[in-house]
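Number of protein chains: 2
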Amino acid sequence: MLPKDLLREQLCGFKPYVAGRPIEEVRREYGLEGRIAKLASNENPLGTSPKAMEAMCEAVKGVYLYPDDNAYYFRNKVAARYGVEWEQVYAAAGSVEVIELCGQAFLNPGDVVLTSERTFAMYQLAAMKAGARCVQIPMIDGGYRYDMAGITAALNEKTKIVFLANPTNPTGTWFTSEEFDAFMEKVPESTLVVYDCAYDEFVTTDDMPDPWKYLKAGRRILILKTFSKAYGLAGVRGGYAVGPKDIVAGLMLVRIPFNMNVVSMAACMAALDDEEFVQKSYEFTKQELAFLIESLKDLPVVIPPTQTNFILIDTQKDSKWLFEELQKKGIIVRPMGGNGLPNAIRVNVGLHEDNVHFVEVFRRLILS
Amino acid sequence: MLPKDLLREQLCGFKPYVAGRPIEEVRREYGLEGRIAKLASNENPLGTSPKAMEAMCEAVKGVYLYPDDNAYYFRNKVAARYGVEWEQVYAAAGSVEVIELCGQAFLNPGDVVLTSERTFAMYQLAAMKAGARCVQIPMIDGGYRYDMAGITAALNEKTKIVFLANPTNPTGTWFTSEEFDAFMEKVPESTLVVYDCAYDEFVTTDDMPDPWKYLKAGRRILILKTFSKAYGLAGVRGGYAVGPKDIVAGLMLVRIPFNMNVVSMAACMAALDDEEFVQKSYEFTKQELAFLIESLKDLPVVIPPTQTNFILIDTQKDSKWLFEELQKKGIIVRPMGGNGLPNAIRVNVGLHEDNVHFVEVFRRLILS
Chain A
14 MLPKDLLREQ
24 LCGFKPYVAG
34 RPIEEVRREY
44 GLEGRIAKLA
54 SNENPLGTSP
64 KAMEAMCEAV
74 KGVYLYPDDN
84 AYYFRNKVAA
94 RYGVEWEQVY
104 AAAGSVEVIE
114 LCGQAFLNPG
124 DVVLTSERTF
134 AMYQLAAMKA
144 GARCVQIPMI
154 DGGYRYDMAG
164 ITAALNEKTK
174 IVFLANPTNP
184 TGTWFTSEEF
194 DAFMEKVPES
204 TLVVYDCAYD
214 EFVTTDDMPD
224 PWKYLKAGRR
234 ILILKTFSKA
244 YGLAGVRGGY
254 AVGPKDIVAG
264 LMLVRIPFNM
274 NVVSMAACMA
284 ALDDEEFVQK
294 SYEFTKQELA
304 FLIESLKDLP
314 VVIPPTQTNF
324 ILIDTQKDSK
334 WLFEELQKKG
344 IIVRPMGGNG
354 LPNAIRVNVG
364 LHEDNVHFVE
374 VFRRLILS
Chain B
14 MLPKDLLREQ
24 LCGFKPYVAG
34 RPIEEVRREY
44 GLEGRIAKLA
54 SNENPLGTSP
64 KAMEAMCEAV
74 KGVYLYPDDN
84 AYYFRNKVAA
94 RYGVEWEQVY
104 AAAGSVEVIE
114 LCGQAFLNPG
124 DVVLTSERTF
134 AMYQLAAMKA
144 GARCVQIPMI
154 DGGYRYDMAG
164 ITAALNEKTK
174 IVFLANPTNP
184 TGTWFTSEEF
194 DAFMEKVPES
204 TLVVYDCAYD
214 EFVTTDDMPD
224 PWKYLKAGRR
234 ILILKTFSKA
244 YGLAGVRGGY
254 AVGPKDIVAG
264 LMLVRIPFNM
274 NVVSMAACMA
284 ALDDEEFVQK
294 SYEFTKQELA
304 FLIESLKDLP
314 VVIPPTQTNF
324 ILIDTQKDSK
334 WLFEELQKKG
344 IIVRPMGGNG
354 LPNAIRVNVG
364 LHEDNVHFVE
374 VFRRLILS
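Here the protein sequences come in this chain order: A and B. Position in the first sequence (first residue = 1) + 13 = the numbering used here. Position in the second sequence (first residue = 1) + 13 = the numbering used here.
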């Protein structure tokens, strides 16, 4: 199916990212009618920030013009939020774009990238696509949590980039301030640390690291944020990365022009001001997560503690059939085989009715 | 400014694409008030397809969900339009994305890309970024038109990709059926021909090649279309490429997930049905181009014949000052130094009042 004679050598054998299945695709496949619960992509079931909605309706009037390719206003707004310079901000089409561009900008074939196993698949894919080698350190604490000591021990002068997601996807767990500080003490100044905070807004613990203090101290750290989760803007593709100016300049060099579109820029700027919506999403997520966990606690499954808007459910045996059966009942979850967790599914918080429906169907399936 | 120790080797010395300047940027720089005419990026001054506007207002309601990463409905709609299979269609974030991905998917360092000089800058940039060598054949007919015979003569077994824009940007000229047929007769079956029709909807001549017949005959040709020009959707980033299934599969392999956003997909699908808007844009462009050309014909400048929505004005001497002076008067055009035409500016059709204003200011400047 691929043009073998034409394809770039390092791409032979490359398997691209597999997204959560869209509602309409599942509807077609199973001939389903009625409501389908998509609990597969960690989207916000409350919808989109109302301020962002308003901004988008206004922005569509101007889409006959190209986006500002420098994203001047967007970058300035983000910069003001964190007290950094605007040239330290990269305006992104979602954080997947930044992860990919890190590979394109900074990795040569043969370079080494360091991360955890069972983490966001894009880290490994970005490395592979660039022809680099991705070293993945096994997880600890039952196999659900980053082994920061192990990652630290694996650092060497060949390590060009370390990708860290905190809280992490797909296990939902996190590493602590103490663990991160110990890691940062050992990281060579030349190594780029990519710190991905996609689920930041859902964190309830006090014991999360502060990556910003390292950025402000001049360390080579790139902090990633997305508008796809708490802000409810997955569909327009918006995110940003904040880091040293030269790292951001490197990303700017390799990106495709006009990467962040007009509607996304307007929506994300408005969303940044919508603290009320983020707070509401935080409270709702906390409450529904508690409901999900409580409703499943007597089942023979393991659910690691989470600081995100989703739970990982490890059924201790192959879970492919569960994924299929849930789909037949109009519930889309994410199978975790591709992330090294073939026994697990990942389920995000949906509207309460969807969570109730999921619990009901899942309990029946797992106890059958 | 760049992280030299970290940057991928082949990127040292790479200069990224320079976009047309946005209105607000010029306003800030010159402290301008009132209307600013942006005639720099070949956008549609009539705005956006009304059908697309309606579709976008509806689509924003669903942006809390990720886009369909397979763009199933969009690709099927395009496929039906051309009588091809949906796997032959690549759903793109503008045609610049496709050009870039051709490099990422199909070029190894040292490979050869063939194109014309003074053509769309992204062809060369995509080649350079991939570490390939870009051979640019000089233009003929005063230096404004593709030399298809020259390009044909330069083909050899090392030529991996040939990029052709027809009509071409930034000169506005075109190559004929006869010229293209003679070229296709000599192209090796293994070479990928990328045929970029960004300005298709503005063509008035009958003598344009038909790239589709080669695709249908099984040739390795990838046809690029954009929604940024006639459809008035530059701001949302939408386009597509149609080619052999394996070439499209290669693009799918290297793209960033969710490359085409929800709003863009909805807008572009609706725009495809808006023949009325395209027809209106065609008529308007034809009329205003005639006005521009007529109004400048007595001046000591060369304006090559155009099949697009813009004109190239070659002033026969360095034109950087003109670009600056026009900006001071609230008119943004595109300087052409980066395209090997330091004596020229490129000016697209604006609203009639903007065209009148441009003619007035330009005449005064050139005759001063």
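Quick caveat, the hints were computed from the structure, so don't treat them as lab data. Be careful, since some hints might not be right.
Treat identical chains as interchangeable: a pair holds within one or across any two.
Think about it this way: if two alpha-carbon atoms lie no more than 30 Å apart in a straight line, the pair counts; the simulated DSS-like pairs of lysine-lysine are [what the hints assert, rightly or not]: (1) 330 x 74; (2) 299 x 258; (3) 299 x 199; (4) 74 x 229; (5) 64 x 74; (6) 171 x 28; (7) 74 x 299.
Evaluate residue 74 and residue 299 at a C-alpha cut-off of 30 Å and name the case that applies: within, between, both or neither. Only across copies: residue 74 and residue 299 sit 24 Å apart there, 37 Å inside one copy, limit 30 Å.
Within, between, both or neither: residue 74, residue 229 at alpha-carbon 30 Å: neither (39 Å within a copy, 38 Å between copies)
Homomeric proximity label, residue 171 with residue 28: Cα distance no greater than 30 Å: both (25 Å within a copy, 28 Å between copies)
Please work out whether the CA atoms of residue 330 and residue 74 approach to 30 Å or closer within one copy, between two copies, in both situations, or in neither? This pair counts as neither: shortest intra-copy Cα distance 52 Å, inter-copy 39 Å.
Are the CA atoms of residue 299 and residue 258 at most 30 Å apart within a copy, between copies, both, or neither? neither (36 Å within a copy, 46 Å between copies)
Intra- versus inter-copy proximity for residue 74 and residue 64 (alpha-carbon distance at most 30 Å): both (17 Å within a copy, 13 Å between copies)
Copy assignment of residue 299 with residue 199, given that the CA separation must stay at most 30 Å: Neither: 35 Å inside a chain and 65 Å across chains, both beyond 30 Å.
Going through the hint list in order, the structure does not satisfy hints 1, 2, 3 and 4.
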